[in-house]
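A.B. asks: Protein chains in written order, with the numbering used here: chain A, 6 to 605; chain B, 216 to 465.
No lab work stands behind these hints: they were computed from the structure. We put the CB at the ideal spot given by N, CA and C, even for glycine. Treat the hints loosely; a few may be bogus.
[Stated by the list, open to error] Here are the computed lysine-lysine pairs in the DSSO-like style, where the Cα-Cα straight-line distance is at most 27 angstroms: (1) Lys-156/A to Lys-335/B; (2) Lys-295/B to Lys-326/A; (3) Lys-598/A to Lys-566/A; (4) Lys-295/B to Lys-151/A.
[Claimed, not checked] Listing some non-contacts, in silico: residues in chain A with all C-beta distances to chain B over 10 angstroms: (5) Lys-32; (6) Ile-117; (7) Asn-283; (8) Trp-299; (9) Lys-304; (10) Ile-453; (11) Gln-489.
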Amino acid sequence: MDTIKTDIVIVGGGGAGLRAAIAAAEKDPGQCIALVSKVYPMRSHTVAAEGGAAAVTQPHDNLEYHFNDTVAGGDWLCEQDVVEYFVAHAHEELVQMEHWGCPWNRKEDGHINVRAFGGMKIERTWFAADKTGFHMLHTLFQTSIKYPSIKRFDEYFCADIVVDEGRAQGVVVIEIATGRICFIQAKAIVLATGGAGRVFRENTNGGIVTGDGMALAYRRGVALRDMEFMQYHPTCMPGTGLLFTEACRGEGGYLLNKDGYRFLEDYGLGPPSPEPRNKFMELGPRDRVSQAIWHEKQKGRTIDNPHGQVVHLDMRHLGEKKLRERLPQIYELAEEYMGIDPAHEPIPVLPGVHYTMGGIETDGRTATNLPGLYAVGECASVGIHGANRLGSNSLVELCVFGKVAGEEATQFVKTTSNSPTGTLERQASEIGNRLRGLVDNPSGKERIAVIRSEMAKSMEDGCGIYRTEAGMRATCDKLAELKQRYRSINIEDKSSAWNTEWLLAIELGYLLEVAETIASSALNRKESRGSHQRLEGLEQRDDQNYLKHTLARYAGEGPPKIEYSPVKITKLEPGIRAYGEAGEKAEAERKKKKEAAHGK
Amino acid sequence: MANNEKTIEIEVLRYRPEEDDKPFLQSFKVPFTDDMSVLQGVQYIKDYLDGSVSFRWSCRMAICGSCGMMINGVPKLSCKTFLREYYPGKITLEALKHFPIEKDLVIDLSDFIGKLESIKPYIVPDAPRALEEGEYLQTPRQLDRIAQFSSCINCMLCYAACPQYGLKPEYLGPAAIALLHRYNEDNRDSAKAERMQLLNAHEGVWGCTLVGYCSEVCPKDVDPAAAINRNKVNSTIDYLLRFVAPRGGN
């Protein structure tokens, strides 16, 4: 087996991985940084983020507002000290992106323009048309080329982490083009592998979003935190789940039921106004809007579509000119994929799984409890999203915490050394044999696609927008069955070069592992909070018993062991989470209480 | 499978480097509905008919740039090309033209990556600006000059369309020139002179013979041909100014 020695290995070439690589290269130009990605970095799923990136920008906005929006938006399951750091560093990171060339939209005077986004009190979302993730990713990728100490391993698939003497000391990777298995030895590892949306059927995610880093860290004993919180984005294309950005509503789009009625008024988000109003109606947070669509469906007020029950995203009143300028990608998706001209017809939409709020447990500096292992971006749970992420907080997260991860890993490298290479190589080579064994499985009879689609359907049935005890139990049982059947997976392709069937099989193993943590974490949380909504008398938030993080720990072949950890509260005591008129009332009362406490 | 479901014939040009001396066509019958993309067709083949067929894909929404292939001889993104457009005829899928095949529909694009890296695809500021100084000013009109050319998704369709790249692989090619132009035209950048040296070379803009097919196949309306043509003018001016200025025209 070939061994490559480096100081830091970063797994994942999306926004978080690239930002970490650049930070590490700037912090210590003398060290070697290996950037491993299973796709060319510019293919990473950051590319598909549309709406924008949030940072306090306007004079009448402030950090406390962004903090409050984020913590209340997360239904108080955020680590508040981490959110404080996050909002304080968001703006400088977006300026940094600007200096690196990101083509942000501008005002007439040349300054940055911002747009409204769901759950945000003040407009603070920087945007590059409706391709913000695309532009940020290409800017980061192209900028990373400046740094000679970043050595890219494009189209290398990470298959395991090597741990020795209680420290993460490298990764085993497959060079996809040849099938060659290599060991990359490193003193620090940064996982930046993205989310796990592909465990669900209807989702906005790319095919590569398979929870790789989450599963690898989990198998090595690192807890996955708050995995029950999966975000349903309310406006997705029926059938494929492709995303119509929240900016459609930020720019003034309406959501209508089959009677042409702006139904969000009935779900505590009103009253409606013709113009978009922050934190009202269509600018409510994603969990609430998706839940409202679910209720409309129960009431028979949705519209029949070959791919399910839909509502209408109506942007006709915005006019073609504005749509083409602000939402060109949305226009293209509607026209080319659905044959709909959004300037003249409403777009049928339904909720789809979009984002994994939970992830690899880290502290506020991206370190896991396994020395040498860091995690950042969607694969991580650094603590800023809680039970529901606000749109446009995650692109900033990649930058703010990507930088932290790169710097922290650099620091760690100076304090540590590797075990003898021979010891690590022996472990790596055992892993390699196991990987090859998948291809040569003599008992192979199960089709990858069959197991994958049974898993995705079961997750949707049991762990969707509203969850029941029986539904979640059925999903847990199904996942246990699928894990058994996975042992008899059949790989028809026995070759080495570009054997993507082999990689799909490994990814399916990751997906099943992560799915099980989602279902078990959901089953154990007997309350409703943010994106985790239960029926059967558990419709309320229960701070008494569940103002705490779920930790799913690997427990061998069976389901995970579920534990809990406290939530860090610094500035904002848990309160009523409300939007629309009720939200304004709740905010006024919070303010009054705070002033009384300060003796004003 | 419902009886009223239609099926379409999809031929895939197979090439398995460990087994095959040369590529061959393999035919599959794929059930489909009118909203299915060509990508979904080839995914069906991999999932249920032959797991060894290899191709790249990810986002499914024409932004990651992975899934380009020759579809009945035309370079297209398979995720936004629909099976219904070809039915009842058959579809032939081949790896993008002008690139070495790694396996089946997977091309080797390392040549392009090298070119992208060579053009300094990043802002080189006149004087570094501190973060505390805030953003550079860039008016909407200045942004307009680069917006289109910064929309390239590196899908390689333009290289598959470019006859010159087919004949002369050293030619910088449409996407790389469009990206180079994007940075040259950015008011925050000051490395135009260095980049112009690349463009002035034989492998730079002068490799283009004005066919324009690159812009026709571009799925994101980047119009690389426009970038190339503008730089032929730039390159000429740059060449003339060379006699009075030592390095390029700036």
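A.B. asks: Does each hint hold? Answer for all of them.
C.D. replies: Okay, the hints, checked on the actual structure:
1. Lys-156/A to Lys-335/B: Distance ~17 angstroms between Lys-156/A and Lys-335/B Cα, so the pair holds.
2. Lys-295/B to Lys-326/A: Measuring from Cα to Cα gives roughly 24 angstroms; hence the hint holds.
3. Lys-598/A to Lys-566/A: Measuring from Cα to Cα gives roughly 40 angstroms; hence the hint is violated.
4. Lys-295/B to Lys-151/A: violated, 33 angstroms
5. Lys-32: holds, 16 angstroms
6. Ile-117: Not fine: 6 angstroms to the nearest Cβ puts Ile-117/A too close to chain B.
7. Asn-283: Consistent with the label, Asn-283/A stays out of reach of chain B, its closest Cβ about 23 angstroms off (over 10 angstroms).
8. Trp-299: At roughly 24 angstroms from the nearest Cβ of chain B, Trp-299/A sits farther out than 10 angstroms, so the non-interface label holds.
9. Lys-304: Label holds. Min Cβ-Cβ 27 angstroms, cutoff 10 angstroms.
10. Ile-453: violated, 7 angstroms
11. Gln-489: holds, 21 angstroms
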